[in-house]
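*Asks:* Given chain A's structure and the hints, the job is docking chain B onto it.
The chain contents come next:
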Amino acid sequence: MKAILRFVVALGSALAVLPAAAALNVFACEPEWGALVQELGGDKVSVYLATTALQDPHRIEARPSLIARIRSADLLICSGSELEIGWIPLLLTQSGNPRIQLGSPGYFEASQYVVKLEIPKVLDRALGDLHPGGNPHVHTDPRNIAKIALALEERMVQIDPANAESYRSRAKSFLGRWQAALARWEQQAVPLKGVPIVVYHKDFSYFINWAGMREAGSLEPKPGLPPTPAHLADLLDRMKIQPAKVIVYSPYNSPQAAEFLSTRANIPVVMMPFTVGGTDKAKDLFGLFDDTIGRLLATVK
Amino acid sequence: MHRKGTMALAVVAALGLAHAAAAQTQDELRTLREQVRQLDKRVTEAEQAAIQASSRPTGENAMNPAVSVILNGIYSNLSQDPNGFRINGFTPTLGDVGPGKRGLSLGESELALAANIDHNFRGTLIASISPEDSIGVEEGYIQTLALSYGFTIKAGRFFSGVGYQNQIHAHAWDFTDAPLANKVFLGNQLNEDGIQLKWVAPTSFYWDVGFEAGRGRQFPAGPAGGRNKNGVSSGNVFTHVGGDFGTGTAWQTGVSYLSTSPQDRTFDDPAGTTNSFTGQSRLWVLDGILKWAPNYNPTYTNFKLQGEYFRRKEDGDLTSGTTAQTGGFASVQSGWYLQSVYQFVPMWRVGYRYDRLNSGTTSFAAPLNAADFPILAAYNPTKHTVMVDWSPSEFSRIRLQAASDKSRSDVTDHQVFLQYIVSLGAHGAHKF
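Sequences listed follow chains A and B, in order. According to the numbering used here, the first sequence holds residues 2 to 302 in order. According to the numbering used here, the second sequence holds residues 2 to 433 in order.
This is chain A alone, in the form it adopts within the complex (with noise of 0.2 angstroms):
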């Protein structure tokens, strides 16, 4: 036994092919914490991407090629408000890693640092899948990404001291562009004031909120579920009568219903980056808002 287990140590130091120790590995559970990271670590920084803006984070399998990288992360950064409840837990009780782990330094959640929109008044799993924290896609508000930067910020400092001058002037740095990009944004979205738009799934809320959008409704019929025929004809209807003027939704939907609805109602779609990574010009962070911002134009002109 003693021989075996020598055996499978000394293989396994032999294959361990991970990134060296000096960079701090970081597990971000969807690609927008990943750019952020990125922003703010820079070459001092290992990021892993556990999704990709293909995939829709609530519905993710807890792959063994996740536990392996879960397993040697230093830092754990996840939307948080249960988004990835379906998962995480899983991964992090698979782990064998104490520096992820709830109450750790390693663990952050995003969404505990901005106010959350839509936290429910009522939890019933008959209104759908309801997260109880409210709403977790905070990242859509460009306002709470420069929040979420600051205490990420503090939290790479604590993790990571010896490179702390490094991420304390990237943030700044990154800051400074990211207010001015702000303010563009915010003259840019001025047209988009009172605009009614029609969502495929509730991930849109924060941005709705920050250019003073106004939700005229959802394909799904309720949160987490997929839409009905029932559902799209109803909307159809309300369509006629009070009609938005675009319909969303995010690269890991399917455009069948978006399509459906445009256009039996006459009401153009447009396919939302979401996240970075989900179109070609969602790049970085900026590129994700430039692109948010530019399509809607486009389409509501």
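If you're looking for bench data, these hints aren't it; they were derived computationally from the structure. Every value quoted in this text rests on a predicted model; they were computed, and no experiment measured them. Every residue, glycine too, gets a C-beta built ideally from N, C-alpha and C. Among the clues, some could well be false.
Have a look at the derived ranges for each label pair, beta carbon to beta carbon [stated by the list, open to error]: (1) B:V37 x A:Q159: 38 to 44 angstroms; (2) B:A147 x A:R178: 37 to 43 angstroms; (3) B:V68 x A:P222: 35 to 41 angstroms; (4) A:P222 x B:V37: 34 to 40 angstroms; (5) B:N65 x A:D238: 41 to 47 angstroms; (6) A:R215 x B:V70: 39 to 45 angstroms; (7) B:N296 x A:Q113: 26 to 32 angstroms; (8) B:G104 x A:P121: 37 to 43 angstroms; (9) A:Q113 x B:I169: 28 to 34 angstroms.
Facing chain B, a subset of chain A residues (Cβ under 8 angstroms, in silico) [as the list claims (entries may be wrong)]: (10) P65; (11) N98; (12) R126.
*Replies:* Same frame as chain A, now just chain B:
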């Protein structure tokens, strides 16, 4: 005069002001509107913050563990009498491995409680309430959270990490019943009282190595509840590797070796006698699973292929209930299954499973006579199973399953099951 002059001045001033105001109205209104908007926004934010502060739970029940309940019910239509069920060529017989009752029945209800105990441990209790009104502990274990270097230790009662399907709760199975191989080699599903040590390697692909020591409370160690001794009666070692390939495929394959020393492991022969076995039982299991979903997004379509191969060697002494004689017995038996499940549109899945067992070689030493053990006569059972299920949400599933079961050497059992499985309460998370 003075008064009139003042009036005139005031009028002139007012006129002048009005004139100026007319020019500025637009700008001022705009500013005012903006100010109101900003104020409004601040009020909304303050309100939201207040809601968040007030929504935090307080009181004694704020630290309650996550509670969930699984309910399931089934309608079974079996062409053969389930009381005569057996898997020819193999033991065990009847009990858990059978197809259940005919007609309408409640399945096993599960009550699960789980929470972090403190910063070091997590605790889980899963109680199963049988339709016969008895309650059992399906799993009840603590698990470490704070060990480093990829190590976790589990202690208590838990589903053994032997093979793949054995660790998965019945409500999360893709078919109503367990594969034949799991029935004959693990007595349907093996939960052991013991301790498990598992290590996840620091590699970029998944690799784990684990070891379990247990009391051997269930088949294959024996239904006697474990040996009366201080040591360990059951040992299991396993290792898995897994990873991703392409833009949507995840895989995992593993091997496990379960070694037990059954003592007075009884089994009923349909002839009406009870035989017992004492000796050594060694089981090898190879398992593999492959899951595909376009871009790893299983919401719309996904595919799953799963298979396991079992091979067991036993040798020791067998006591015949008919002749009351004891003699040497040895066997080498194997079996496998392969199943696939395809979700072709959201909510709907179809699946097919093929089961095959090979009764292999058995040898009886004098004074035993093979004819005294009709259930162990050579026979290779097979089974075809198809299913379709509908899951309107993550929390409910309705399944229709049909099977042609050749577990019995003389007859084919045509089985139809219609089943619901639902979960209430805390959001579950399912293992890969």
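*Asks:* Confirm or reject each hint.
*Replies:* Comparing the hints with the structure gives:
At roughly 41 angstroms, the beta-carbon separation of V37 (chain B) and Q159 (chain A) lies within the given 38 to 44 angstroms, and the hint holds. One distance hint, 37 to 43 angstroms for the beta-carbon pair A147 (chain B) and R178 (chain A), holds here, with the actual separation near 39 angstroms. One distance hint, 35 to 41 angstroms for the beta-carbon pair V68 (chain B) and P222 (chain A), is violated here, with the actual separation near 27 angstroms. About 36 angstroms separates the C-beta atoms of P222 (chain A) and V37 (chain B), a value consistent with the hinted range of 34 to 40 angstroms.
About 44 angstroms separates the C-beta atoms of N65 (chain B) and D238 (chain A), a value consistent with the hinted range of 41 to 47 angstroms. Between R215 (chain A) and V70 (chain B) the beta carbon distance is about 40 angstroms. The supplied range of 39 to 45 angstroms therefore holds. Between N296 (chain B) and Q113 (chain A) the beta carbon distance is about 29 angstroms. The supplied range of 26 to 32 angstroms therefore holds. For G104 (chain B) and P121 (chain A), the Cβ-Cβ distance of about 41 angstroms falls inside the hinted range of 37 to 43 angstroms, so the restraint holds.
Between Q113 (chain A) and I169 (chain B) the beta carbons are some 33 angstroms apart, a value that agrees with the proposed interval 28 to 34 angstroms. Of the supplied interface hints, the one on P65 (chain A) holds, with its beta-carbon coming within about 3 angstroms of a beta-carbon of chain B, less than 8 angstroms. Interface restraint check: N98 (chain A) against chain B, minimum CB-CB distance 7 angstroms, threshold 8 angstroms, status holds. Hint status for R126 (chain A): holds, given a least beta-carbon distance of 6 angstroms to chain B, under 8 angstroms.
Violation of the numbered hints given earlier is confined to hint 3; every other hint is satisfied by the structure.
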